[in-house]
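Just so you know, the protein sequences line up as chains V and Y, in that order. Letter 32 of the first sequence, counting from 1, is numbered 32 in the working numbering, and no numbers are missing. Letter 9 of the second sequence, counting from 1, is numbered 92 in the working numbering, and no numbers are missing.
Check before you lean on any hint, since a few could be wrong.
Straight-line C-alpha distance at most 27 Å; calculated DSSO-like pairs for lysine-lysine [claimed, not checked]:
1. Y/K94 x V/K20
2. V/K61 x Y/K144
3. V/K41 x V/K20
4. Y/K115 x V/K11
5. Y/K144 x V/K41
6. V/K20 x Y/K115
7. Y/K94 x V/K41
8. Y/K115 x V/K61
Read the hints as simulated data drawn from the structure, not as lab findings. Computed from a predicted model, the values in this text were never measured in an experiment.
Listed here are the chains, written in short residue letters.
Number of protein chains: 2
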Amino acid sequence: MPKIIVEVMPKEVLLDPQGKAVANSLHRTGHKDITAVRIGKRIELHFDRPVTEADVAAAQKIGESFLSNAVIEDVVAVTVEDN
Amino acid sequence: MPKIIVEVMPKEVLLDPQGKAVANSLHRTGHKDITAVRIGKRIELHFDRPVTEADVAAAQKIGESFLSNAVIEDVVAVTVEDN
Numbered sequence: 001m002p003k004i005i006v007e008v009m010p011k012e013v014l015l016d017p018q019g020k021a022v023a024n025s026l027h028r029t030g031h032k033d034i035t036a037v038r039i040g041k042r043i044e045l046h047f048d049r050p051v052t053e054a055d056v057a058a059a060q061k062i063g064e065s066f067l068s069n070a071v072i073e074d075v076v077a078v079t080v081e082d083n
Numbered sequence: 084m085p086k087i088i089v090e091v092m093p094k095e096v097l098l099d100p101q102g103k104a105v106a107n108s109l110h111r112t113g114h115k116d117i118t119a120v121r122i123g124k125r126i127e128l129h130f131d132r133p134v135t136e137a138d139v140a141a142a143q144k145i146g147e148s149f150l151s152n153a154v155i156e157d158v159v160a161v162t163v164e165d166n
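This is chain V alone, in the form it adopts within the complex:
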């Protein structure tokens, strides 16, 4: 089934308290080499037909306007899977 994957992450300049908490836990369990953790969203948009260029452009727009909060988040990737 074709999908468009939209990936949204907290902006680099902002603290990510959830990621910080996970990083602290990983350090306590011995994973000292992981310097930071950031947690975002991975959103799959499913289609029952092949995905077109226009769909990808629409998905980018949906990602920026509807699936993310532009004040605190960035759309870092829009990719097609299983087309």
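Chain V is fixed; fit chain Y onto it per the hints.
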């Protein structure tokens, strides 16, 4: 900066109410071709040195044991970026 990206999604067999709500909203705003939406997590593990095969294996393990709930979620991808 090298990163390992761990992607976690709700299992296919389970309902994803958050995704369902987004799909309904998209339908109302005219995106009728999107048959379903599923929302998962994208977790970045940052390193300040090049990432090794062992790090990727460790990240897979961390993803399965710590970053996801195996009852309701699957680790769908573990990839290296900017190595």
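Checked hints:
1. Y/K94 x V/K20: holds, 26 Å
2. V/K61 x Y/K144: violated, 35 Å
3. V/K41 x V/K20: Holds, because 16 Å separates the two Cα atoms, which is no more than 27 Å.
4. Y/K115 x V/K11: violated, 30 Å
5. Y/K144 x V/K41: holds, 20 Å
6. V/K20 x Y/K115: It is violated: about 38 Å lies between the C-alpha atoms, which goes past 27 Å.
7. Y/K94 x V/K41: holds, 15 Å
8. Y/K115 x V/K61: Between Y/K115 and V/K61 the Cα gap is close to 15 Å, so the pair holds against 27 Å.
Comparing the model with each earlier hint shows violations of hints 2, 4, 6; every other hint is respected.
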